[in-house]
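Engineer: Okay, here's what each chain looks like letter by letter:
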Amino acid sequence: MTGILGIYLFDERWNVGNFGVYGLMALQHRGQETAGLELIGRSRQRLSGRGLVEDVLTRVDAEGHICVGAVSPYTVEADEDVQPLPLGEKVSVALDGRITRVEGYSWDGSISYESNLRRAFARHACGRSEIETVKEFFDNCKGGFAYVAVNDRMEMAAGRCSLGVKPLVLGKFGFEGGIIASESCVMDVIGERVPISPAENIDAGDAMVFTPFSARLVKGCSPRDKAYCSFEYVYLARPDSYVNDIPIYRVRRNIGRRLSEEDRVDADVVIGVPETAIPFAMAYSNETGIPIEKGFELTGRRVRSALRPDQFERLKGVQLKLNVISESVRGRRVVLIDDSVVRGNTLANIVYLMKEKGAKEIHVRIGSPHIVSHCPFGVEVPPEDELIGRHLSEEKIAEVVGADSFKYLSIEGLVDAIGLRRGELCLGCFNRVYPEV
Amino acid sequence: MKILLVGGGGREHAVAVAFARSSCTPRLNCLSELVNPGISRIVKDSGGEYYVGDPNDAETVLKYALKAGVDFVFIGPEEPNFRGVPDALEKEGIPCIGANREVAEIELSKASMRDLQWKYMIPGRLWYKKFRTFEEAAPYVEEYAESVALKPARQVGGKGVKVIEDFQVYLKEEKKRVKKQHVESIYRDYMKGYGDVDFKILIEERVWGPEYTLQCFTDGRTIVPMPAVQDNKHAFDGDLGPETGGMGSICCGMNLKWGVNDERAILTDEEMGKSAEIVRMMVEAIQRETGRKYHGVVAGQMMLTSIWGPTIIEMYSRLGDPEALNILAVLKTDMVEICEAIISERLNTVKVEFEEKATVVKAVSPHGYPLSRDLAKGHPVVVHDHEEGVFWASADLKGSGIVESGGSRLVECLGVAETIPEASRIAERLTSKVSLADGWGLFHRSDIGSEKSLERRIMLANMAREIYKYRERRGILGRRMIWIPGKGLEEVG
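These protein sequence lines are chains A and B, in that order.
Going by the numbering used here, the residue at position 258 of the first sequence is 258; the numbering climbs one at a time, nothing skipped.
Going by the numbering used here, the residue at position 146 of the second sequence is 146; the numbering climbs one at a time, nothing skipped.
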């Protein structure tokens, strides 16, 4: 997943540089390896680098009333591969998810993903850069993705693949223009306060096209079954965002309630693992009447530990983030709620720390079904031989992590919590069933 | 019966149609800068003349009114009112439907309008500051202005307004910079050449809520409210993009109902009543101030805000465009009869009636409107099929018979039905009747009057209503209290 952003203001007097920076900060949870912003005005400037938004985009001395930006969780080698990705001289794109093939282009396995995209685009465009050409290219792209693309003619196109795997919303900025982003929380941070809803969902297959003379929604050809990423609801998106018009917080609350219904347990206290699992734990507590308490205190800056690419960084993240408050757990039976289990070693670490601080029993509940498979659309899931849920039963995992019991949320439970039909969701990482692209 | 219609836009085309319906079968003449193809046909059919000239010039208007020997003159746009055209006509004994120079001050000067509203303590008044020069306004913008509407303090064809919401401290510097630049361009560009007002810049608090236009006929003694109309100011679908003169409007019943037989509505009857009362008070106030009678049309460009409920955004001294189309399409009473009643100040004896129908207007504009009007201008227009329901706006019928785009909204398409969404679909179909022969693009808004858009407007109204009703119950309607640390409690207004 990548956080993507596009700002299009009609009045050329604006400089949206700072809007871009704060907009990307609102998407920082979607990627923390690289950050980039391209500003389009009288000139075109690209600022990008490795690290967090606040480290990379410290001094924005560029100018422009249009911008495209991205925060990405992927480490890249070449500077030109840092998002927003230049697709040649004239067009740049911020891309969330993964394009798995391009109609009329044969993928070259010997060159990088980015180079393939550039080559495919060059073949499609033949030197043209009109926004219709750009949009057409992305219409020909298959996979699970959302994009915001700009060209050298002060035009912007932003859309979702016909499966709708990755989210995208449109916010308005008064009479000045529009803001496109992966999540609606961006509008709360840089947009105007709109009393009804912060942003409008862009439907699967649709695209917004901005030119100096127009802004219009282009409907895609009526998509087949959709495949909205269910992991957005469990983990990826911010709880203050709406994805596909569904408030993330509502889903997280439903998950907590559902966890309490799927398996009753006698306990004294509910504790959520920060940050994502806190709403699960609150709902679990409200539903069961078991009091909730703060279980951890963090040292240093908040990072999304599960997204860190290497084991040392992940464990460091967990240990600094999750110091157990002994008063909350000593002598008590704890329901410990986490959002997901990938390899299980961070969880084992937490359970160990809690037991050490005197917890009498620990019952682990996970707010998502077991992760068994990779994601073809760019959610970073480790190789299958590392996935604990792929190889071990719930009983076995309980033993391994040292908990008294261990339960996942059922897939049915997740689908119910989201509130969409099963056929509208991609549950591939939980059930190995992927949409046809 | 002979009439001279002044102005040649979509609004005036609709007025011409209304006159043509009259049982008096008047001979209609028209004076405008461009030749409106629609009005031109009506004029010709009625046996009248089309005069090309400056409608803002009192002598020109007077000359043609005398030449045509008319019984009265109907003034469409606001600028002739500001230039004293009605005054000049009446001096010569020619009756005129149009606000005279002094009462038209409520539209001409947005600063005077607010002064008046505050002086008479008329409800729905926004907090404001007025400035004579950019230099005077700059320190204020630098230090205080937060979420504001920046306006030219004179009506300049609806242009130059910028609304900026400013509450995130981390974006403040940039917003301040743009605010200052805009205030400067209001002073140097938008207000350039307008010496008829002292104050050039108006800064008002920013408010939110559904907007609506309440147009009224008045003879200075009686005010007859017409059904409320909701205009759509954003250029593009989904309320996106720059502000325009209006890309289309909806109307049904007095209070913006969903459909004729539908309970759902944007406004309540009570809010409609309050709005009419506000407009009435404004007319009374301006008449008292000037000692002059108001003959013509007065309109409140209103918003249902959380602070006040019905609130004045601006006042019009004429019918709105495109709002006039909605109203005149359902006006049952003879337009000539209404005009005569205004002239003789016996409007109270006329029963002004409107048909219970939903109307939706969609404007079609060439690309370039509203920010680069030069690009929108001069394109040859093709009309497919007959023109029923299509009103010509900014278009010029050349001697050769070719119609060219004038740079603003080209045509306005009117749909009439039982519900607003149905009327919207009819108007939508009409938008494809015109195109530009040179391939230059046209655009319109397909969302005006759609179910989704109506739902949102009703929701927005409910949110504003909930808050202002609460304020009303607490007795703090329209009051704004601010705690200034170290200074104490201050009340605005």
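Because the hints were derived from the structure by calculation, they are not lab data.
Among the hints, erroneous ones may be present.
Below, simulated EDC-like cross-link-like pairs (lysine to aspartate or glutamate); rule was C-alpha separation at most 20 Å, straight line [unchecked claim]:
hint, chain 1, residue 1, chain 2, residue 2
1, A, Lys316, A, Glu262
2, A, Lys219, B, Asp239
3, B, Lys180, A, Glu275
4, B, Lys180, A, Asp11
5, B, Lys233, B, Glu428
Engineer: May I ask which of the numbered hints given earlier this structure violates, with the numbers listed in increasing order?
Structural biologist: Checked against the structure, the hints that fail are numbers 1, 3, while the rest are satisfied.
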